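A.B. asks: What follows is the residue order along each chain.
There are 2 protein chains.
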Amino acid sequence: MYILSEEVNFILKKYFVDLNQEEIPKYLLIEKHIKRLIDTNVVEDREKLPSIRSLARFLNVNNSTIVNAYKKLQVEGYAIQKMGSGTYAKKKDIHKNFNREYSKALKKIFNEDMVNYVDFTGETPSGEFFQINFFKDVLNEVLDRDGAKALIYQESLGYEGLRNSISNVFWNGKVDKEDILIISGAQQGIDLISKAILNTNDSIIVEKPTYSGALSVFKWRRTEIFQVPVEKDGINMDKFEKILKKNNIKCFYTMSYFQNPTGISCSNDKKIQILKLAQIYDFYIMEDDYLSELIYDNSIKYNSFRSLDNNDRVLYIKSFSKIFLPGIRIGYLIPPRKFKESIQNSKINTDISTSSIMQRALDLYIRKGLWKNYIETLNDAYKKRYIHMQKCILKYLGDKVEFIKPGGGLHFYLKIKENIKMDSIELFRQAKNRGILITPGLLFYKNSLEGKKYFKISFSHVNEKDIEYGIKILSEIIIV
Amino acid sequence: MYILSEEVNFILKKYFVDLNQEEIPKYLLIEKHIKRLIDTNVVEDREKLPSIRSLARFLNVNNSTIVNAYKKLQVEGYAIQKMGSGTYAKKKDIHKNFNREYSKALKKIFNEDMVNYVDFTGETPSGEFFQINFFKDVLNEVLDRDGAKALIYQESLGYEGLRNSISNVFWNGKVDKEDILIISGAQQGIDLISKAILNTNDSIIVEKPTYSGALSVFKWRRTEIFQVPVEKDGINMDKFEKILKKNNIKCFYTMSYFQNPTGISCSNDKKIQILKLAQIYDFYIMEDDYLSELIYDNSIKYNSFRSLDNNDRVLYIKSFSKIFLPGIRIGYLIPPRKFKESIQNSKINTDISTSSIMQRALDLYIRKGLWKNYIETLNDAYKKRYIHMQKCILKYLGDKVEFIKPGGGLHFYLKIKENIKMDSIELFRQAKNRGILITPGLLFYKNSLEGKKYFKISFSHVNEKDIEYGIKILSEIIIV
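Going line by line, the protein sequences match chains A and B.
By the count of the numbering used here, the first sequence reaches residue 480 at its end, each step adding exactly one.
By the count of the numbering used here, the second sequence reaches residue 960 at its end, each step adding exactly one.
For the record, the hints were derived by calculation from the structure and aren't laboratory data.
Predicted model, so just to flag it, every value in this text is computed and none were measured.
One should not assume that every hint holds.
Only some residues are given here: those of chain A computed to face chain B with a beta carbon under 7 Å [what the hints assert, rightly or not]: (1) 59; (2) 67; (3) 127; (4) 130; (5) 148; (6) 152; (7) 154; (8) 188; (9) 191; (10) 216; (11) 326; (12) 349; (13) 352; (14) 358.
Backbone N, C-alpha and C define an ideal beta-carbon position, used for all residues, glycine too.
Excised from the complex, chain A in its bound form:
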């Protein structure tokens, strides 16, 4: 006999399924049954499923029936396979349905008229401070200068002029233009890196909470995701190192400034510590340099992981779309030399290259100093809103929420105090009905339950008057 008696008992207890329903394929019956067992917690999250052979013998079906059932479970996100070890149950995220509700609600509203809403969900600057005429002049200058070439010629790393400007203006020449790859934004950067260096079942660490768009890519890539809580100066280092000790970590994804959603910036001390650990435990840091241009608190000094790195451990991602204008779709990536070729190939296989005319326009815009002026304008304007929003939160929500001052960026991350029953899903729904849009915290966690007391409010699309109005409404909804 191949099956040990305890395994038989285990299977008997947990896996009994009636296979005499002729119209439905057996593998589907088995799959459905196991799904129910997982949903109802009879089989727990990460519990090992019986081996294919033993379950097949027990149910008196072919091995391939079990293989198909397990494959279906995997496809539906109910199981993961570990090489040489077997198949494991995976609990479905109970809040997945809310994510869908949330994005559907926003889509619907955005497609209608936004005028009736106070929109605290903005992720990027609005265009209100952007002088479109300057950009128009730049675009025309490019077309006069380069002609059709501006729309044809494609360099494998991106337009050389722009790479030059990035090297000179943003890195003081300390990064070689040949080490810069032009991409279409941070989201693409995360996708390209994942394709080039992450394989199925590789392990990565992310901050808790973190950017949901990154989580999606890593989940899609079927990596094993570990989360480390963010504290007021960056991640919890003890928990971080504990995970590094126990697991073979390939990559740590982090937003180094005004992290999305917490607004926290990692301290230089922690950055240096993390870089050391990267060398010891042989992992790489995927740095998403998010909104580091918008610093309102002068005590914050800007140092990216990339600028502190001496060992080629950082995959640096920068989006121009976030701070500039989302519709331009340009960003750049500086990979370690080791990954340069594979990430470049990853770009080619993903979308060949980024719009060459927009690269030329952005280059000229930077070289004319327009970029610098624009960022200064944004800084002034958003600093006012930042201060105002903070005041309003303290005034109207002071006894209802807790938060850490970010000192920059475009948003606040608030926690509804423990003694208040309301969660942020309920808050989202009620606020929406009263014309206020917020982002509930659950979107930023691997297990969304952890985010249910949190919500994010951004001031990028809301003027001072509406900030006050919106927060007042929120305070009416959140009842102690």
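Fit chain B to the given chain A structure using the hints.
C.D. replies: Frame of chain A; chain B shown alone:
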């Protein structure tokens, strides 16, 4: 004992490895040894490797050592894992090195001065017939009309105006604008679809030969790729159906007009047959509508798979960059309703959205009738080159190569006759030294060996005089 005696013998013969080299981790020794066995054909392509447990016992190491060795083999492309079945050897493609040589050589030349070369490798129209001033006017009109909005506002499916124009101008309103997703080109379309509907180890069929950029995506996605030879009116249907019968195929990737590289267009009869089979065997057709605007032979009537489909079986991909100007980076995708949401999410996770200003410009360009005029100009100009290139091939290479007349598109696919010893790698190298660039056929095959007698020459970047000059040089190199 767990190991059967024949398995012991098998392992003894094939897997003997000296594990007493203390400085190197055991799993690496084992991995290196198996790699050598695969390279030297002791273990053949697709041969099953011993089970983890039996090999571990035999070598007296931990299971995890073998797991790590097999993982490394997988990462390096020397093994694939099949769920519930084990790990299988995978032979490395012997011509992979040439692909690298080829792309490096082209990169180097493109970065230098192209003036000294006759470039037969062009994949897209050059800008010489494009009236940049018209485009400039359109761009300015968009900026005057929409202001900063042109650079900010992002719709989840892409700019509504452009989707409207596509629906009206290219589909006579028969495709709903809500079923169109704007993307940044065909390559992105292939990538998005693969992410949304293909899982590791899923099976797909491609044409033999096929577009290398598609092959890369499918390989990267770790799908099982089947190839069906292309004949003069499309794929070989017997071979196609044989594969469908034996395997669970998820998708068939095809270029329906002037296929890259063969230049062949699939007949309507075959298209209808393939659509029927899709319904019977439950697979989907990924249609890359490649250059169908450039038809020189009036007997060719344009019917895409998408326009013949009644069962929502086609994932239609169209690139504007290919026919228009590569630097614009715009295309669109029409998925079956069933996949609409997952492909849209795939787009968001890949790069959020496509440059909104370029979408607006293209929309206006189409609506003003400029697109139609431009395509007519291209048709006239390229038809002349097409006829001229065909004449030159017959005149100078008539006794050295065979080919099928494509009747449209931008290139010819030539086969060096069997009695001639030269292969296209040698031809590429010698031609390059004499200032002529061609594309060797090996790039278009899963096993590149099959393409070694073929090469592709495109007339998109070469005027009539240089076409004649270049082909004359090729005829001097190819010696009977």
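A.B. asks: Does the structure break any of the earlier hints, and which numbers would those be?
C.D. replies: Of the numbered hints given earlier, the structure breaks just one, which is hint 1.
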